[in-house]
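Chemist: These are the residues of each chain, in order.
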Amino acid sequence: MIPAAFEYAHASSVDEASKLLSKFGEDAKVLAGGHSLIPLMRLRLAQPAALVDINGIKELDNISERGGKLHIGALTRHVTIQNSSVVKDKLPLLAEIAGEVGDNQVRNMGTMGGVIAHADAAGDYPTLALMLDADVVTNQRTIHARDFFKDLFTTSLGPDEIVTEVVFPVANGPHKYIKFRRRLFDWAIVGVAAQKMNGDWRIGLTNVGPTPVRATAVEEALHKGAKPEEAALHASDGLDPSGDLRASPEYKKHLARVLTKRAIQQAQQ
Amino acid sequence: MAVTQLVGAKVHRREDPRLITGHGHFIDDFTRTGAAYATFVRSPLAHARIKSIDVTDAAKAPGVVGVYTARDFKGQLAGTHPAAPAFVAEKKYVPERFPIAEKEVTYQGEIVAVVLAESRGQAADAANLIQVEYDELPAVMDVEKAMQSGSPKAHEGAADNICWDLTYTGPEVSDAAFKEADVVVKERILQNRVAPVPMEPRGVLAEYEGFDKKLTIWMSSQNPHFIRLFVSGSMGLKESQVRVISPDVGGGFGSKISPYPEDYLVPALSRIAERPVKWIETRTESIQNATHGRGQYYDVEVAAKKDGTLLGMRMTQFLDVGAYVGTFSAFQACACLMAGGAYKWKGISARTVGVLTNRVPTDPYRGAGRPEATHLVERMVDLVALELKMDPVEIRRKNFIQPQEFPFTQNFGLVVDSGDYDKALDRALELVGYEELRKKQAELRKQGRYLGIGISTWIELCGFGPSAATAPATGGIALVESAQVRVTPTGAVLVYTGTHSHGQGHETTFPQIVADQLGVPYDSIELRHGDTAEGTSFGYGTYGSRSLAVGGVAISRATGKVIDKGKKLAAHMLEAAEEDIVFEHGSFHVKGSPDKAKAFGEVAFASYGMNLPQGMEQGLEAVAYFDPPNLVWPFGTHIAVVEIDAETGHAQLQKYVAVDDCGNIINPMIVDGQIHGGAVQGIAQALYEEVVYDEETGQLKTGTMIDYMLPSIGEIPPLILDHTVTPSPTNELGVKGIGEAGTIAASAAVINAICDALSPLGIKHVDMPASPDKLWHMMKEAGK
Ligand SMILES: Cc1cc2nc3c(=O)[nH]c(=O)nc-3n(C[C@H](O)[C@H](O)[C@H](O)COP(=O)(O)OP(=O)(O)OC[C@H]3O[C@@H](n4cnc5c(N)ncnc54)[C@H](O)[C@@H]3O)c2cc1C
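As you go down the protein sequences, you meet chains B and L in turn. Heads up: the first sequence at position 260 corresponds to 260 in my numbering, and the numbers run straight through without jumps. Heads up: the second sequence at position 228 corresponds to 228 in my numbering, and the numbers run straight through without jumps.
Please note that a few of the clues may not be correct.
Heads up, simulated BS3-like pairs for lysine-lysine below, C-alpha to C-alpha not over 30 angstroms straight-line [unchecked claim]:
no. : chain 1 : residue 1 : chain 2 : residue 2
1   : L       : Lys-423   : L       : Lys-344
2   : L       : Lys-344   : L       : Lys-764
3   : L       : Lys-774   : B       : Lys-253
4   : B       : Lys-227   : L       : Lys-446
5   : B       : Lys-227   : L       : Lys-764
6   : L       : Lys-51    : L       : Lys-103
7   : B       : Lys-176   : L       : Lys-774
8   : L       : Lys-764   : B       : Lys-253
9   : L       : Lys-655   : L       : Lys-10
If we take Cβ atoms under 7 angstroms as the criterion, some of the chain B residues that face chain L in the derived model are [said to hold, decoys possible]:
no. : residue
10  : Met-1
11  : Ile-2
12  : Ile-63
13  : Arg-183
14  : Phe-185
15  : Ala-247
16  : Ser-248
17  : Tyr-251
18  : Val-258
Bear in mind the hints are in silico, worked out from the structure with no lab data behind them. All C-beta atoms in this analysis are idealised placements derived from N, C-alpha and C, irrespective of residue type, glycine included.
Generate coordinates for the entire structure from the input sequences, incorporating the hints supplied.
Modeler: Structure representation (structure tokens):
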């Protein structure tokens, strides 16, 4: 598993990274934790002509709370998010989710920006970003999460655009993420996030379609006073998941309903 | 004098500090000056005719030394791939196999070309430039359909897809039993195809020295002497011109026993290109091309009396051979001979059918045939118990071969050397808390929860093996074992074995045996293996839990010969009669006068001197071969406790107890390690692992570790282990094998637990792997 040859450049600032990207042109890619990109390159499913390594851009590895918002720098590693007292205090659901991404090796290397930009259907942060109306900030603009995830592995990022941070609302009410997987280090077969915020529930689903899904029908039912088990029946409304080796479409929809019920119930405990 | 007994002690593995600190030497740690790197171009299709291969662009790519196709190897390699008779001597159809395809490809991954380049990256780049034009042919993927007369053929032009069809015992053998029966239960039982996935994939580094006509091969093998035999034969070299070195090997599980196409092609390339050639398998290549295990289904019927007495069995094994016949593939038919398990039967009718498909060949994989037999018989016994509303423990006890009945000649004439099956079962039931669990199960059932308890009272035949049984099965070479023990003038003891350690801890256990026998410090003894240039003239490798029960005994006998010579010399030195010399605690002394003594080291030193008895040659060393009179027969009981989530179908293994009996134990820590690894492999087959191909196109869908579901430590509860000790009467060490026991036992325990859990829904049988999706669907159907 030898990747195709590529150019490599190391950037020390966002500016420099952006210049390097335009220099190398369309086939250049940002290298963050490398835990999605490098496996793809080894299988030669990705063959970028050049990599611009952003691991040296210290200001992107940063967590802060400003003006009622939680700012997570793009280069913040999963392990940092998982252990951050700021995150645990302001958006504990995010710390919980970070603790369930992959295994130790993945959590030591993988980054917030990498997951968001990579936009794998089974990525965990995109679900949270979407359901909480987070903002993805780049070196050029701010993009609402609902406008960001376009399709499988497809976002609205331009070729020389670099994610600099993801801005979440503060929410520390009842919450739960249930990630159904068969192995400790696996991606979600289906994931469900539940967060109570400003008196209402936000429900997000992972890996039930090409992009993360916000289960608005469940949210509405709960808003109207439905019990969790009733509301959860709507979790599969409008879903058309593709099947894979781990789960048939039918099973994924079933899991979406069961896990939604459990997530809401457990959040309330 | 401090007397230590090393046999039976938890001696820490000698190999661990080296391996854990990165000081091991695995195949990729080796290189030779001037080595070129090979990348193989493999068929993306399961079945196709090769129309043309265009290497023009690849040949011009940077760093390329050469690009080679089948014709380049025609004068280099002779003959076809070996397919040993193993347990099926008469095969109907063995497709010819040249290591590289010329006209037709018959599985995805079959080699069609190879690129040699200055670096691995350049070889990989150039391989992508080779253009192969194929005419796609229908892929034969389903074993049952492949047996029908109109089926497409796995090989064009073949009469059919039947590789073998052998009836060991016809229906008449079980007729009487079935006539007597009060109940007959029937089931079709699947054995999912699994990939061995050793932590270290395969690799070959070959250096042919043209002037000397000497070939050295470094490779990751369980079986270096057999590789030397096969490769020298194919390359037209004498065995003495070839040296095979198999250094530290990161696991094999059977997949590194047989020779592979690359094992021939890389040495041939070295001869063609006149430089060392190196190839390291990628993980995807490993999952795609290393021989797979299992891949079978069984049609089984069992007849029993109302009181639970087992009477007869009729079983047919349908085995997916793959596109070619793996060298020891037919060994897997031993599942038929072991189908009776730990029980007494009036008659067993058994037939095996080997079917060719367009998948990678199957070959022995940890347990090979014996896990399948255990799975089948333990499932069937549970089905009879369910039918008769008997406790699964009770039906087992009722039918066990009893301790006083050993040696017991079973239905196929094999002689089970020893056993005490109730004892292991009792201990396992106690450890798991069986009575309590049954109460808990009843309670949980009332709450709509599904707890299951699965029992597997397994037995095994291993320690291959007696010459009379093995020489016909390999095509002539008896799988006995040899050893050499050499004592240097200063008393260092070198022990050479023909077995090969790739995780079994031989470097630790074998010196333990020798240390006790010689009474010398453990640290003065070193085990050597894995290099055909050292030790005895032939070694037989490691598989089939044979290393201790055959190789260990050979070592012990060679050590005995060394002591015998030492006694003669000591008698001479002490001016006493040889009969009066006693050897104890590392010292030779005259009977009745312990102070008239010579330490082992003194005798060793003297053996290299001049004052020897008349006619004695210098030196202190000996060779021994051990041809065991029988196989050895380990056994035990494994119990799995599983709870199935009523809503998601997720089966969670809550508790796992294993009580195993491998006779005398040399090192309990290593035995536990073998059970851990083996049981987890069986659990993995039951719950997670399966090689999946597209049933239409024959494309492999599980070519990475993300898709091929190896479980991790997170899914396995701590295993609760214990042992009973029933020494084997077959060898003087009283030992049996333990390397495969865990795998042989485990899948049946887990699946029996799942079936037990789901029995209130009327579900009787579940096939492997029991994924949540599958169980949820079954539960939903049953609930309707
Ligand atoms: C075994 C394993 C299990 C895993 N399990 C999970 C899981 O359960 N859940 C989960 O969410 N993830 C999982 N992952 C993925 C992991 O979280 C990755 O780290 C993540 O998807 C990508 O982050 P990265 O920093 O490694 O990005 P990289 O691999 O470096 O990059 C990924 C992609 O994003 C682009 N990119 C990265 N950073 C930026 C940026 N700042 N601006 C613009 N583009 C950028 C790159 O160009 C590339 O295209 C797993 C990975 C592995 C290997």
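Chemist: A separate judgement is required for each hint: does it hold in the structure or not?
Modeler: Hint by hint, here is what the structure shows:
1. Of the pairs offered as hints, the one joining L/Lys-423 and L/Lys-344 holds, with about 17 angstroms between alpha carbons and a cut-off of 30 angstroms not exceeded.
2. Using a Cα cut-off of 30 angstroms, the hinted pair L/Lys-344 and L/Lys-764 holds, with the two alpha carbons roughly 24 angstroms apart.
3. Taking the CA atoms of L/Lys-774 and B/Lys-253, the gap is near 15 angstroms; set against the 30 angstroms cutoff, the hint holds.
4. Distance check on the hinted pair: B/Lys-227 and L/Lys-446 sit about 25 angstroms apart at the alpha-carbon level, within 30 angstroms; holds.
5. A C-alpha spacing of about 36 angstroms is found between B/Lys-227 and L/Lys-764, which places the hinted pair above 30 angstroms, so the restraint is violated.
6. At roughly 8 angstroms between alpha-carbon atoms, L/Lys-51 and L/Lys-103 fall within 30 angstroms of each other, so this suggested pair holds.
7. For the hint linking B/Lys-176 to L/Lys-774, the alpha-carbon distance of about 27 angstroms falls within 30 angstroms, and the restraint holds.
8. For the proposed pair L/Lys-764 and B/Lys-253, the alpha carbon gap of about 27 angstroms is at most 30 angstroms, so the pair holds.
9. Taking the CA atoms of L/Lys-655 and L/Lys-10, the gap is about 25 angstroms. The hint holds against a cut of 30 angstroms.
10. About 4 angstroms separates the beta-carbon of B/Met-1 from the nearest beta-carbon of chain L, less than 7 angstroms, and the hint is met.
11. Satisfaction of the interface hint for B/Ile-2 is found here, the shortest Cβ-Cβ separation to chain L being roughly 4 angstroms, below the 7 angstroms cut-off.
12. The interface hint given for B/Ile-63 is broken, as the beta carbon of that residue sits about 27 angstroms from the closest beta carbon of chain L, more than 7 angstroms.
13. For B/Arg-183, the shortest C-beta to C-beta distance to chain L is roughly 5 angstroms, which falls under 7 angstroms, so the interface hint holds.
14. Because the beta carbon of B/Phe-185 sits about 6 angstroms from the nearest beta carbon in chain L, less than 7 angstroms, this interface hint is met.
15. Against a cut-off of 7 angstroms between C-beta atoms, the interface hint on B/Ala-247 holds, since the closest Cβ of chain L lies about 5 angstroms away.
16. At about 6 angstroms, the closest approach between the beta carbon of B/Ser-248 and any beta carbon in chain L falls short of 7 angstroms, and the interface hint on this residue holds.
17. Nearest Cβ of chain L to the Cβ of B/Tyr-251: about 4 angstroms, under the 7 angstroms cut. The hint holds.
18. Proximity of B/Val-258 to chain L holds as hinted, the smallest CB-CB distance being about 5 angstroms (cut-off 7 angstroms).
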